[in-house]
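Guided by the hints, dock chain B onto chain A, whose structure is given.
Protein chains: 2
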Amino acid sequence: MILALAGGVGGARLARGLAAILPADGLTVAVNTGDDFEHLGLLVCPDIDTVCYTLAGINNTAQGWGLEGESWSFMDALGKLGGEAWFNLGDRDLATHVLRTAMIGRHDLSEITALLAARMGIVHRIVPMSDQRVRTIVDTDEGALPFQHYFVRRRAEPRFRGIGFEGIDEARPSAGLLAAIDDPALEAIILCPSNPVLSITPILALPGLRDRLTGRKVPIVAVSPFIGGRAIKGPAAKIMDEIGIATTPAGLAAYFNGLLDGIVIDRTDAGEVAGGVALHVTDTLMRDIDDQRRLAMETLAFARSLG
Amino acid sequence: MILALAGGVGGARLARGLAAILPADGLTVAVNTGDDFEHLGLLVCPDIDTVCYTLAGINNTAQGWGLEGESWSFMDALGKLGGEAWFNLGDRDLATHVLRTAMIGRHDLSEITALLAARMGIVHRIVPMSDQRVRTIVDTDEGALPFQHYFVRRRAEPRFRGIGFEGIDEARPSAGLLAAIDDPALEAIILCPSNPVLSITPILALPGLRDRLTGRKVPIVAVSPFIGGRAIKGPAAKIMDEIGIATTPAGLAAYFNGLLDGIVIDRTDAGEVAGGVALHVTDTLMRDIDDQRRLAMETLAFARSLG
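Taken in sequence, the protein lines are chains A and B. Here my numbering is used: position 32 in the first sequence is 32, and no number is missing along the way. Here my numbering is used: position 55 in the second sequence is 55, and no number is missing along the way.
A couple of the hints might just be wrong.
As the list claims (entries may be wrong) - Each computed SDA-like pair below joins lysine to any residue, with the alpha-carbon atoms no more than 20 Å apart:
| id | chain 1 | residue 1 | chain 2 | residue 2 |
| --- | --- | --- | --- | --- |
| 1 | A | Lys80 | B | Trp72 |
| 2 | A | Lys80 | B | Met103 |
| 3 | A | Lys80 | B | Lys80 |
| 4 | A | Lys233 | A | Arg287 |
| 5 | B | Lys80 | A | Asn60 |
None of these hints come from the bench; they were simulated from the model.
Bound-form chain A, shown alone:
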């Protein structure tokens, strides 16, 4: 049994690789919900959707987010009606948000996620990090910004100064996440190559979670989202720079502050060291399902070697 912690695109790709090689009951993907937000009255959960769409194989691989074959009539009409048009909601994607929003009073996010994932044909467990509302707030040189305002509306351009999580004190890890941690068959915990600061930190910020993960005494392995100091996509490297942490294996190990037993890094970074953290060198760029599967297999083999 493997527990994977994931945010958006990069994390979803590795999760898909893990799903391709693990049985249905052999993988739980716990997903960041700090970047969830209420937009136009709809509950939008970008990371959960990215993970689900990617595992279902219906994601837009070229664009990196959203659905393959998406159309944009809703956004066009919305713009003409003067609605807020800074966050793109595709016509097909909208069905997910509308259904989720219609259910959220009667069901919790874990139940809704399980239902929608099942309807997308996903057999592995995808669980939100929490069923309580947690909202990432980014402290920037333009002031405190709700996550999507920082990330999408302002395109992560403001200088990052810190991060906070509204609601985190009252939030608990979801039952599915706790069940995965407590599963006697748990072999390893994988931090997927999502943005360490924006995507993984909210999960680790859940009260008591970090201690529960380390207390489990199974290998905790991160797949680095950096290749040659750069992120494949998104502002991860910019943010690490802005908080003064190197986008190297050593920087990543330091950022996670003793959590990691191992890091999978790209060949470009071969020769780097990360203190007492074991490194596994391979090709970490995932262009297709073959890359995803191979990286997942290598990551699992590496994690098991640390057990």
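The following block gives chain B in isolation, referenced to the frame of chain A:
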């Protein structure tokens, strides 16, 4: 100043004709909200939308409802996710529902309707019949059905036995409707050729409204939705049959029970009589804006002749 009472398609067409010949401050269209409903968490107001889309000239004329050039990706995705797919929500149409639903807590339906209509480029006043929630319930041989379940889901197939309006006792006519009635310049009240039972009756059922209309002592004229005893579209004739009222000028006059001063009827029905109610015979089928404008002009001239 003209006050028009309207429901969906037929009513919207005459309203468009009236808008084409009257100045911006010379027409108020008060629209049935009895068929509004909450669907998938969205507040859908089919008659208001039909009137707005028609006056804005963006309606789908061939289909008779919805928007021209509509696309259906949302419905396709919704169906795949197992969502309720019996009520069609087009991708573009959805922008109206989402925006309205996002605003409904902070604004009343009158304000939202005015805002959306303005953004569609409509200069005439379109007002909901009420800002309070009124919901038409149709009593049928299959039991009591919420309006859209009767009308769309069951395609008006169950035998109609009666109609009721949830919330009507607490509902008041909207400020815009009352302002139109009380306008010193009011010349006539036009009942547009919408379904008399399903579309016009909910408006007239508002507490005190009927008395206010008749007390105003201006001509009240209906444009018959029937041609040769048949409705152009929809189940109006079937319902009239089921409640035992003839789809003739006399039947219409009887159904509205003393409210009408005149009825505009089609040439097909020339020779019919309707007790003490004046009749004007013309072509009532509205295929295009020219038909709409001509019928609106004739209706106004007829109404004025009764003043």
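Here is what the structure says about each hint:
1. A:Lys80 / B:Trp72: 18 Å, holds
2. A:Lys80 / B:Met103: It holds: about 16 Å lies between the C-alpha atoms, which stays within 20 Å.
3. A:Lys80 / B:Lys80: 28 Å, violated
4. A:Lys233 / A:Arg287: 12 Å, holds
5. B:Lys80 / A:Asn60: 17 Å, holds
In this structure, the one hint that does not hold is number 3.
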